[in-house]
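**Student:** So the chains spell out like this:
Number of protein chains: 2
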Amino acid sequence: MTDKPEELKKAGLKVTGPRVKILQMLEEASDRHLSAEEVHKALVENGEDVGLATVYRVLTQFEAADLIVRHNFDGGHSVYELSDGDHHDHMVCTETGSVIEFFDEEIERIQKKIADRHGYEIVAHNLVLYVKPKSTDASH
Amino acid sequence: MTDKPEELKKAGLKVTGPRVKILQMLEEASDRHLSAEEVHKALVENGEDVGLATVYRVLTQFEAADLIVRHNFDGGHSVYELSDGDHHDHMVCTETGSVIEFFDEEIERIQKKIADRHGYEIVAHNLVLYVKPKSTDASH
DNA sequence: ATGAATGCAAAAACTTTGCATGACG
DNA sequence: CGTCATGCAAAGTTTTTGCATTCAT
Numbered sequence: 001m002t003d004k005p006e007e008l009k010k011a012g013l014k015v016t017g018p019r020v021k022i023l024q025m026l027e028e029a030s031d032r033h034l035s036a037e038e039v040h041k042a043l044v045e046n047g048e049d050v051g052l053a054t055v056y057r058v059l060t061q062f063e064a065a066d067l068i069v070r071h072n073f074d075g076g077h078s079v080y081e082l083s084d085g086d087h088h089d090h091m092v093c094t095e096t097g098s099v100i101e102f103f104d105e106e107i108e109r110i111q112k113k114i115a116d117r118h119g120y121e122i123v124a125h126n127l128v129l130y131v132k133p134k135s136t137d138a139s140h
Numbered sequence: 001m002t003d004k005p006e007e008l009k010k011a012g013l014k015v016t017g018p019r020v021k022i023l024q025m026l027e028e029a030s031d032r033h034l035s036a037e038e039v040h041k042a043l044v045e046n047g048e049d050v051g052l053a054t055v056y057r058v059l060t061q062f063e064a065a066d067l068i069v070r071h072n073f074d075g076g077h078s079v080y081e082l083s084d085g086d087h088h089d090h091m092v093c094t095e096t097g098s099v100i101e102f103f104d105e106e107i108e109r110i111q112k113k114i115a116d117r118h119g120y121e122i123v124a125h126n127l128v129l130y131v132k133p134k135s136t137d138a139s140h
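Line by line, the protein sequences give chains H and B. FYI, the numbering used here numbers position 28 of the first sequence as 28, with every residue one higher than the one before it. FYI, the numbering used here numbers position 96 of the second sequence as 96, with every residue one higher than the one before it.
Just so you know, these hints were derived from the structure itself, not from any lab. Among these hints, one or two may not hold up.
[As the list claims (entries may be wrong)] Below, in silico cross-link-like pairs of lysine to aspartate or glutamate (EDC-like), each with a Cα-Cα straight-line distance of 16 angstroms or less:
| # | chain 1 | residue 1 | chain 2 | residue 2 |
| --- | --- | --- | --- | --- |
| 1 | B | K21 | B | E7 |
| 2 | H | K134 | B | D116 |
| 3 | H | K112 | B | E101 |
| 4 | B | K113 | H | E38 |
| 5 | H | K113 | B | E106 |
| 6 | H | K21 | H | E45 |
| 7 | B | K10 | B | E38 |
| 8 | H | K134 | B | D84 |
| 9 | B | K14 | B | D3 |
| 10 | B | K112 | H | E27 |
| 11 | H | K113 | B | E101 |
| 12 | B | K4 | B | D66 |
| 13 | H | K113 | H | E101 |
| 14 | H | K4 | H | E101 |
| 15 | B | K10 | B | E63 |
| 16 | B | K113 | H | E105 |
| 17 | H | K112 | B | E106 |
| 18 | H | K132 | B | D116 |
| 19 | H | K21 | H | E37 |
| 20 | H | K112 | B | E105 |
| 21 | B | K113 | H | E106 |
[To be verified] Simulated coverage check for chain H against chain B, where a stretch passes if three residues somewhere in it have a Cβ under 8 angstroms from a Cβ of chain B:
| # | stretch |
| --- | --- |
| 22 | 83 to 96 |
| 23 | 103 to 117 |
| 24 | 125 to 134 |
[Claimed, not checked] Among the chain H residues that face chain B by a calculated CB cut under 7 angstroms, a handful are:
| # | residue |
| --- | --- |
| 25 | N72 |
| 26 | D74 |
| 27 | Y120 |
| 28 | E121 |
| 29 | I122 |
Backbone N, C-alpha and C define an ideal beta-carbon position, used for all residues, glycine too.
Can you make the complete structure from the sequences, with help from the hints?
**Tutor:** Shown next, in the form of structure tokens:
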């Protein structure tokens, strides 16, 4: 949809093959939450010869430029998604691994209130619900 | 306060030196949120000769036994704290690194509602607010 | 005594970095 | 053309695992 080279220029980044392609991968990805490894794999599968190190470097730059957002889900690896300006939180299904985005104004409001009450302001926040389908009976 | 060997037995874990000591470290720690490395360092400084691998193994077992809770803060390493039965979330100061615990019933309630609305039930959740002192002016 | 727990070191998973080559403006 | 980006491989972090030894019951 958007013009990638243009976005890169606006972000003050030199327009290079790898950067454009990585941005495209993130946009086209059906599951919009990709790890660095997944981005790299997607590139290779598309015949793009980009090194994993470059993927990490570029993703880090994109994050710094607010082009993408990085999330640290449980399990030690990060995932990235295109930042469309909208903030939202995530629900991760522990059985299927699928990621659902959601946003709740009231939660946001309460968070601000809590930080404020302690004399702080929020720089960032991280809310992830780990869930399972209601029907599944995992008796304990 | 509590009898550590007793707690271990109740959790179905064999009472061993390292396990008792690690439980003590977690209880005595002034900052109650320790990483595996920190637990290990604390042990060594106390003259306890425990391997780092054992610390990881024991912490994993303790977590499985609900004796402790593991948190994955941003930055790639986990921290652990004694689970006292109370659930709470965390606020991490980005300038001092200090961790503040809080709990808000309304947020909990809304979270359940959101999961429910999508056909899920919550297995676990993770809410961390990254904050900075209100007065501090970090111009960008 | 016997099976589980430990320590050490090696390995694994994820991410960063150094350096020579190649590409962008 | 000069500088910055890239690729490769090596190094860094954090956590896990294999195996012989030690310990709890």
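**Student:** Keeping to a limit of 16 angstroms between CA atoms, is the pair of H:K134 and B:D84 held or broken?
**Tutor:** violated, 27 angstroms
**Student:** Holds or violated: are the alpha carbons of B:K21 and B:E7 at most 16 angstroms from each other?
**Tutor:** holds, 13 angstroms
**Student:** Given the hint that B:K10 pairs with B:E38, does the C-alpha gap stay at or below 16 angstroms?
**Tutor:** Violated. B:K10 to B:E38 sits at ~26 angstroms, over the 16 angstroms cutoff.
**Student:** Taking the closest Cβ pair, is H:I122 under 7 angstroms from chain B?
**Tutor:** Interface hint status for H:I122: holds (5 angstroms vs cutoff 7 angstroms).
**Student:** Hinted pair, alpha-carbon criterion (16 angstroms max): H:K21, H:E37. Please report holds or violated.
**Tutor:** The hint holds at about 15 angstroms.
**Student:** Would you say the stretch 83 to 96 of chain H counts as covered by chain B, given the rule of at least 3 residues with C-beta under 8 angstroms?
**Tutor:** holds (count 3)
**Student:** Does H:E101 lie within 16 angstroms of H:K113 when you go C-alpha to C-alpha?
**Tutor:** The given pair, whose Cα atoms are some 23 angstroms apart, is violated under the 16 angstroms limit.
**Student:** The hint names H:Y120 as touching chain B; please verify it with the least Cβ-Cβ distance against 7 angstroms.
**Tutor:** Given a least distance of 4 angstroms, the restraint on H:Y120 holds.
**Student:** Would you check the hint for B:K10 and B:E63, treating anything up to 16 angstroms between C-alpha atoms as holding?
**Tutor:** holds, 14 angstroms
**Student:** Taken at face value, is the distance from the CA of B:E106 to the CA of H:K113 at most 16 angstroms?
**Tutor:** Within the cut-off at roughly 12 angstroms; holds.
**Student:** For the hint on H:N72, does the least C-beta distance to chain B fall short of 7 angstroms?
**Tutor:** This interface hint holds because 5 angstroms falls under the 7 angstroms limit.
**Student:** Does H:D74 meet its interface restraint, that is, does its C-beta lie within less than 7 angstroms of any C-beta in chain B?
**Tutor:** holds, 5 angstroms
Checked against the numbered hints given earlier, the structure breaks hints 4, 7, 8, 10, 13, 14 and satisfies all the rest.
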